[in-house]
Structure formats: structure tokens, C-alpha cells
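Asks: Listed in order, the protein sequences are those of chains A and B.
Numbered according to the numbering used here, the first sequence spans residues 66 to 424.
Numbered according to the numbering used here, the second sequence spans residues 66 to 424.
Note that these hints are calculated values from the structure, not bench results.
Be aware that one or more of the hints could be misleading.
[Claimed, not checked] Straight-line distance between alpha carbons at most 27 Å, and here's what the computed DSSO-like set of lysine-lysine pairs gives:
| id | chain 1 | residue 1 | chain 2 | residue 2 |
| --- | --- | --- | --- | --- |
| 1 | B | K221 | B | K176 |
| 2 | B | K342 | A | K100 |
| 3 | B | K391 | A | K280 |
| 4 | B | K100 | A | K391 |
| 5 | A | K347 | A | K366 |
| 6 | B | K220 | B | K145 |
| 7 | A | K280 | B | K100 |
| 8 | B | K221 | A | K380 |
| 9 | B | K91 | A | K80 |
| 10 | A | K91 | B | K405 |
| 11 | B | K275 | B | K347 |
| 12 | B | K287 | A | K275 |
| 13 | B | K91 | A | K405 |
| 14 | B | K280 | A | K176 |
| 15 | B | K366 | A | K100 |
| 16 | A | K275 | A | K191 |
| 17 | B | K191 | B | K91 |
| 18 | B | K342 | B | K366 |
Protein chains: 2
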Amino acid sequence: MIYEDYAIFTPGPVKMSEEILAIGAKQTPYFRNDKFSEVTFNCEKGLLKMLNAPEGSKVIFLTASGTAGMESVVMNLLTKDDNALVVHGGGFGGRFVDICAMHEVPHTDFKVTDTNLSDIEALAPKEDYTSLIVNAHETSVGHLYDLDAMGAYAKKNDLLYIVDAISMLVTDPIDMSAQNIDAVIASSQKGLALPPGLTMVILAPRALEKVHDVKSLYFNFKDYLRNGERGQTPYTPAVTIMLQLEARLAQIEREGGVEQSITNAKEISEYFRQSIKSLPLKAYTPFMPNAMTTLTPTDGKSAMDIVNDLETGYKVMVCPNGGAEKDIIFRVSHMGDMDKAYTDVLIDALYDYYKVERA
Amino acid sequence: MIYEDYAIFTPGPVKMSEEILAIGAKQTPYFRNDKFSEVTFNCEKGLLKMLNAPEGSKVIFLTASGTAGMESVVMNLLTKDDNALVVHGGGFGGRFVDICAMHEVPHTDFKVTDTNLSDIEALAPKEDYTSLIVNAHETSVGHLYDLDAMGAYAKKNDLLYIVDAISMLVTDPIDMSAQNIDAVIASSQKGLALPPGLTMVILAPRALEKVHDVKSLYFNFKDYLRNGERGQTPYTPAVTIMLQLEARLAQIEREGGVEQSITNAKEISEYFRQSIKSLPLKAYTPFMPNAMTTLTPTDGKSAMDIVNDLETGYKVMVCPNGGAEKDIIFRVSHMGDMDKAYTDVLIDALYDYYKVERA
Numbered sequence: 066m067i068y069e070d071y072a073i074f075t076p077g078p079v080k081m082s083e084e085i086l087a088i089g090a091k092q093t094p095y096f097r098n099d100k101f102s103e104v105t106f107n108c109e110k111g112l113l114k115m116l117n118a119p120e121g122s123k124v125i126f127l128t129a130s131g132t133a134g135m136e137s138v139v140m141n142l143l144t145k146d147d148n149a150l151v152v153h154g155g156g157f158g159g160r161f162v163d164i165c166a167m168h169e170v171p172h173t174d175f176k177v178t179d180t181n182l183s184d185i186e187a188l189a190p191k192e193d194y195t196s197l198i199v200n201a202h203e204t205s206v207g208h209l210y211d212l213d214a215m216g217a218y219a220k221k222n223d224l225l226y227i228v229d230a231i232s233m234l235v236t237d238p239i240d241m242s243a244q245n246i247d248a249v250i251a252s253s254q255k256g257l258a259l260p261p262g263l264t265m266v267i268l269a270p271r272a273l274e275k276v277h278d279v280k281s282l283y284f285n286f287k288d289y290l291r292n293g294e295r296g297q298t299p300y301t302p303a304v305t306i307m308l309q310l311e312a313r314l315a316q317i318e319r320e321g322g323v324e325q326s327i328t329n330a331k332e333i334s335e336y337f338r339q340s341i342k343s344l345p346l347k348a349y350t351p352f353m354p355n356a357m358t359t360l361t362p363t364d365g366k367s368a369m370d371i372v373n374d375l376e377t378g379y380k381v382m383v384c385p386n387g388g389a390e391k392d393i394i395f396r397v398s399h400m401g402d403m404d405k406a407y408t409d410v411l412i413d414a415l416y417d418y419y420k421v422e423r424a
Numbered sequence: 066m067i068y069e070d071y072a073i074f075t076p077g078p079v080k081m082s083e084e085i086l087a088i089g090a091k092q093t094p095y096f097r098n099d100k101f102s103e104v105t106f107n108c109e110k111g112l113l114k115m116l117n118a119p120e121g122s123k124v125i126f127l128t129a130s131g132t133a134g135m136e137s138v139v140m141n142l143l144t145k146d147d148n149a150l151v152v153h154g155g156g157f158g159g160r161f162v163d164i165c166a167m168h169e170v171p172h173t174d175f176k177v178t179d180t181n182l183s184d185i186e187a188l189a190p191k192e193d194y195t196s197l198i199v200n201a202h203e204t205s206v207g208h209l210y211d212l213d214a215m216g217a218y219a220k221k222n223d224l225l226y227i228v229d230a231i232s233m234l235v236t237d238p239i240d241m242s243a244q245n246i247d248a249v250i251a252s253s254q255k256g257l258a259l260p261p262g263l264t265m266v267i268l269a270p271r272a273l274e275k276v277h278d279v280k281s282l283y284f285n286f287k288d289y290l291r292n293g294e295r296g297q298t299p300y301t302p303a304v305t306i307m308l309q310l311e312a313r314l315a316q317i318e319r320e321g322g323v324e325q326s327i328t329n330a331k332e333i334s335e336y337f338r339q340s341i342k343s344l345p346l347k348a349y350t351p352f353m354p355n356a357m358t359t360l361t362p363t364d365g366k367s368a369m370d371i372v373n374d375l376e377t378g379y380k381v382m383v384c385p386n387g388g389a390e391k392d393i394i395f396r397v398s399h400m401g402d403m404d405k406a407y408t409d410v411l412i413d414a415l416y417d418y419y420k421v422e423r424a
């Protein structure tokens with residue numbers, strides 16, 4: 066299989082644990098029965114706990130990738146009568162803008178750079194908004210926003226607060242209750258460290274009240290919520306990934322809860338950043354999540370060349386950027402089944418590549 | 066894990082081969098590169114060959130379940146200016162009717178029973194249609210339609226011929242060129258015997274010409290076709306299932322091609338049907354596919370009770386029906402990694418259950 070003996074530092078898919086991989090090698094069971102409903106309920110309970118979701122929150126399980134989660138949330142929660150403030154600090158923010166435009170949801174394309182929006186109150190346009198939408202971690206550049214400040218702003222202005230947590234859940238803190246978050250989008254192949262193909266939408270009661278009829282069967286939240294009452298989905302779920310999710314949530318609990326996972330990710334990302342300080346690479350943004358480090362070469366080297374050289378010379382996969390950032394940045398994920406020893410594979414490769422002796 | 070040591074005869078998920086399962090236990094590789102593009106191209110080539118698709122046909126890979134394939138095909142190929150004849154012989158035909166209604170595609174809800182539509186010319190309403198839509202195998206009851214006759218009818222009347230082949234591909238014959246089929250929907254967890262989560266839409270040139278702008282990001286075929294040129298998808302694909310699909314298509318070729326798979330499925334389904342002749346069960350329809358046998362108890366027993374008793378007493382999973390058919394029918398799939406020895410597990414269980422000595 067391709068890349069079978071490579072070390073993986075891409076921000077999705079990420080390295081999975083042996084326990085999760087083993088489930089991938091089992092026959093997929095039939096699912097229209099109570100035993101599988103229990104799996105679904107366990108997944109729902111685990112996610113609601115992980116997010117500290119308010120009482121009465123529900124989870125929708127979509128067989129789809131993350132963009133479907135983003136799009137379906139906008140479709141099901143917002144209408145022509147809304148006005149959304151959409152944070153646009155990179156490619157995924159831009160995608161939310163496109164989604165609002167596509168579904169005729171009035172919105173402001175709130176372009177931001179060099180800020181984590183801890184001062185959103187001052188920066189936000191002074192319009193009468195009904196909703197605030199943000200990719201908590203703008204994965205395209207590795208920028209983490211201040212969910213606390215944005216939540217306070219959302220509460221003060223009575224906004225429906227929609228957070229794409231796809232690439233920060235499990236590695237960086239998020240708390241629906243404390244941060245007044247009404248809807249969260251999560252996906253299987255990032256911090257949850259499962260294969261891609263499952264996207265989860267977590268809806269707090271305020272978001273549930275906003276769910277309305279949509280011109281779609283596959284993304285009809287009402288239908289998912291109705292089926293969810295008995296632990297089922299309207300259409301065939303990603304059964305294997307659901308079983309892996311159930312096991313993964315139990316694994317996270319067993320290993321000290323999500324707080325411990327966040328602590329680990331913080332430790333590993335700091336270890337990585339500290340370890341490469343003597344190399345000609347610098348952080349691209351001061352607002353990096355634990356999930357990922359985005360690096361810019363300081364010696365004129367092309368970032369894309371570094372990515373390619375690590376792949377061919379060291380069997381190490383880091384993540385390139387496209388477009389204007391192609392030569393300027395590359396990304397290193399700390400999500401998934403990571404530890405210092407595994408991270409050393411990349412650190413050692415970088416030192417060897419730059420012909421610098423690691424201290 | 067649930068149902069780990071059960072024999073599986075459900076029509077999706079189906080029994081997978083060891084080779085395919087082994088890939089499920091491997092780390093998911095990064096995919097935005099040439100090596101994964103090659104995987105996508107191999108999958109496309111294999112599917113086009115399997116379907117004998119006309120020159121210039123393309124495949125769209127959706128991270129989604131089959132209903133998304135059905136809905137997206139209607140969204141992308143049909144408009145308010147069309148008039149679709151939708152074959153409705155069970156739950157999945159009904160779903161196509163719902164999809165057309167949802168997306169405001171003029172259509173006739175063509176309710177059919179007790180026919181495989183080999184006489185469609187005589188039975189079809191005499192309206193001016195632009196499209197013919199059918200679930201080749203109406204899985205809810207195990208009814209296979211005559212794709213040849215329908216294709217001839219479609220050609221004669223110049224109809225865009227859309228076929229959901231989800232639960233008959235690999236076990237029953239379909240030929241896009243010979244049968245004038247313009248669009249085919251396939252899914253991972255049926256005859257292809259992969260985990261659920263990947264749906265494929267195969268478009269012949271006539272269907273490609275019909276692709277138009279839609280009010281959807283996730284189901285925008287134009288975007289998939291553009292990305293498909295370089296072997297990529299606009300959003301994260303179900304990477305692991307794509308790798309399994311590549312291996313599965315190679316496996317089918319190695320074992321004699323899809324014709325041999327169809328021959329095997331035919332042999333196994335006939336073996337099963339023949340073997341249970343002395344039990345109080347009869348075929349529900351004379352138009353059964355190789356993919357599945359639908360049975361009705363003739364001794365007044367409830368079909369649902371039989372399903373439950375096989376599960377709890379014999380660790381054998383067959384498929385119940387809901388609603389009005391709950392007590393009347395149950396379904397036995399012959400899709401996937403099946404042979405006579407495996408089928409004997411179910412046959413022996415049924416004989417033991419009925420306390421009849423197997424001849």
C-alpha cells in the first residue's frame with residue numbers, strides 16, 4: 066500500500082493507534098438493531114461530554130467529510146433572515162463564506178490576519194448580526210482563534226455561535242457551555258484520529274430550535290434528529306468508523322480524559338517547537354494551536370521543496386500548502402497517536418536535512 | 066466488538082475478504098499527492114471497465130452513503146425542465162420519488178408490482194419524458210428489473226437513463242454501453258464488499274453534458290469533475306475505502322473479472338434457493354437478483370421472529386423488513402465474500418431451526 070512505512074505528520078489523516086486500526090480489520094456488522102443503536106448512543110454521550118455540551122444537546126452523525134458538516138450546519142440553522150459574521154482567516158473561513166453565499170444567507174466576509182480575535186468586540190463590523198461563524202483552528206495556516214473572547218462577544222450580542230472544531234478537537238480546549246457555543250462541527254480524521262468519512266454536528270438547544278426544513282434529503286437535520294432518538298441514522302452510517310469512534314472515546318477517557326489529551330498535545334507541540342529552534346525555520350503565526358505547527362523557512366528555501374525532500378529522503382510526510390503559500394509555509398501536525406519518540410523521527414530528519422547537529 | 070463472531074447475510078454491510086480487511090488495519094496515508102491520484106485513477110479505470118462504460122465516461126467519488134449518490138445525480142443532471150419517469154417498486158424507488166419532489170424535478174411516480182418491466186413499453190404512462198430512473202435491484206423487497214428492456218425503451222424515447230446499481234453491481238449483470246445507461250450509482254458496502262462510506266457516480270458522456278450548476282458545494286459535480294482530472298476530490302475522500310476499492314477491483318480482475326463474480330453469485334444464490342426448498346419458505350418475487358433472496362414464511366411464522374431467532378440462536382444475521390412487511394418477508398444477501406461452505410452456515414441453521422433433516 067502507498068506510504069505504508071512512512072511517518073505521518075499531516076493534519077488529517079493522522080496517525081491512529083493500534084487499538085483503532087485493529088477495528089478496521091473486522092467485519093462490518095449489521096446496524097439496524099439495538100446493539101448498534103447503543104454504539105451510536107455511546108458515541109453521542111462521549112462527544113457531548115468531551116465538549117461539555119449543555120443539557121439537551123444532540124449529535125448528528127453524517128457519513129461525509131467535514132465540508133458537508135460546515136455546509137449542512139449553515140443550511141439547517143440559518144436562513145435568508147439571518148445575518149452571519151463569518152471569520153475568514155484562510156481557506157476554510159473562505160469556504161464558510163462560499164457556503165453562506167451559495168445558500169443565500171446574508172453575511173459579512175470578515176477577513177482577518179494577525180489576530181486571534183481576542184479583541185473581536187473592537188474589530189467586528191458594527192452590524193446587526195444574528196450569527197457568528199468561525200473555524201476555531203484555521204487549518205490552512207495553523208491559526209487558532211480565541212474561542213472565549215468570541216463566545217463572550219456572541220453572548221453579549223445574542224448571536225448563534227457556530228464553531229468548526231474539526232482540526233482542534235482533542236488537542237485544544239473547547240467548551241460549549243463555558244464558551245456559549247451553539248453548534249460544533251467535528252470530523253473523524255483529525256484529533257479523533259480515525260479514518261476519514263465521518264462528520265459529527267453537535268447542536269446545543271439554542272441551535273436545535275433553529276433547525277428548519279431544508280431542500281435536501283441527505284442533509285435534513287430534522288430527519289437525523291428523529292432517527293437519532295433511537296440511536297439510528299436515516300441512511301447507512303459509516304459503521305466501521307462509528308465503532309472506531311466508540312473505542313476512541315473510551316480510550317481517551319481511559320487515558321485521563323480529553324484534558325489529558327490536550328495536555329499531551331501541548332507538551333508534544335512545545336517539544337517539537339523547542340527542538341527545532343536552531344534550524345532556519347520560524348513559526349508562521351503567534352497563535353498556533355497544539356494541533357499543528359506551521360513553519361516558514363528563513364534561509365530562502367522553498368517550503369514545498371522541504372516537504373518533498375522529507376518525503377523522498379526520510380519517508381516523513383508533512384503537509385505542503387498550495388497557491389501563494391506554496392513556497393512560504395509547510396505544516397506539521399501533532400494530532401493523533403503522537404509521542405516524543407515519534408516526533409523525534411521528524412526532528413531528526415530535519416536536523417539531518419539541514420546538516421545541523423541536534424543539541 | 067458487536068457481532069464479531071456472527072455469520073453475515075445482510076444486504077450491506079456484507080462479508081469482506083481478508084485482503085480487504087487487512088487494508089482497514091493500516092494507517093491512512095496522506096492523499097493530496099500523485100501517489101493517491103494514481104489510486105483514484107485506478108479505481109476510476111476499474112469501475113468504467115466493470116460497467117463497460119462508453120468512451121469518455123467519468124467517475125465521481127463521494128464520501129457519503131448511497132442516498133447521497135441518488136440525490137446528487139438528480140440534483141446535477143435534472144432540472145425543472147425535465148420530466149422523469151421514476152420506477153417505484155419499493156422503498157428505494159420511493160426515495161427517488163421523494164428526491165425528485167424535493168428538488169422540484171417534474172416526475173411520474175410510476176408504481177409497479179409483480180413485473181420486472183420487461184414490458185415497460187406497454188406499462189409506462191404515455192407522457193413525454195426526458196429521463197428514466199430506476200433502482201436496478203429494489204433492495205427493499207429483492208426485485209430485479211430488466212435493464213435491457215428499460216434501456217431499449219430509454220433509447221427509443223431518447224431518455225436520460227439513470228440506474229441505481231448499488232445492490233446489484235458485482236453480483237448481477239449491468240452494461241452501460243449495451244443497455245444505453247447514462248448514469249450509474251454504486252456504493253461501497255454492497256457487492257463491492259467494502260466498508261460503508263464511499264459512493265460512486267459513473268457518468269457517460271450524455272450525462273456529463275447534462276451536469277449543471279447546483280445550489281450545493283458538497284454535491285457540486287462540476288467541482289468533482291474538475292478535481293477528478295488530476296485524480297483528486299474537492300473534499301477529503303474516504304481514503305481508506307478508496308484504497309480498499311483499488312485492491313478489490315484488482316481482486317475481481319485476478320479472479321476472472323466481474324463476469325466470474327456474477328457467475329459465482331448466481332451459483333451461490335441458486336445453491337441456497339435449491340437447498341431450502343423443503344423448508345416452509347417461499348420466494349417473495351419471481352424476479353430475484355443473484356445478490357439476494359427474499360423469503361416469505363409459508364407456515365404462518367413471523368419473518369421478524371425468524372430473523373431474531375437466527376441471530377440469538379445461531380449467530381447468523383439475515384435482514385428483517387420494517388413496516389407492513391415486518392412479518393411477511395426477510396432477506397438473505399449473497400453479496401460479498403461468499404461461498405457454499407459459508408452459505409451452509411445459514412442453510413444448516415434454518416434446517417435446525419425448523420427441525421427438518423437436511424437431505
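Asks: Against this structure, judge whether each hint is valid.
Replies: We went through each hint and held it up to the structure:
1. K221(B) / K176(B): Holds. K221(B) to K176(B) sits at ~22 Å (cutoff 27 Å).
2. K342(B) / K100(A): Not OK: K342(B) and K100(A) at ~32 Å, beyond 27 Å, violated.
3. K391(B) / K280(A): violated (31 Å)
4. K100(B) / K391(A): Holds, at roughly 19 Å.
5. K347(A) / K366(A): holds (12 Å)
6. K220(B) / K145(B): holds (22 Å)
7. K280(A) / K100(B): This hinted pair is violated, its Cα atoms lying about 38 Å apart.
8. K221(B) / K380(A): Distance of about 57 Å is beyond 27 Å: violated.
9. K91(B) / K80(A): Within the cut-off at roughly 10 Å; holds.
10. K91(A) / K405(B): holds (22 Å)
11. K275(B) / K347(B): violated (44 Å)
12. K287(B) / K275(A): violated (31 Å)
13. K91(B) / K405(A): Judged against 27 Å, a Cα distance of about 22 Å means the pair holds.
14. K280(B) / K176(A): OK: K280(B) and K176(A) at ~24 Å, within 27 Å.
15. K366(B) / K100(A): holds (24 Å)
16. K275(A) / K191(A): Measuring from Cα to Cα gives roughly 24 Å; hence the hint holds.
17. K191(B) / K91(B): Given pair K191(B), K91(B) is violated - Cα atoms ~54 Å apart, limit 27 Å.
18. K342(B) / K366(B): holds (17 Å)
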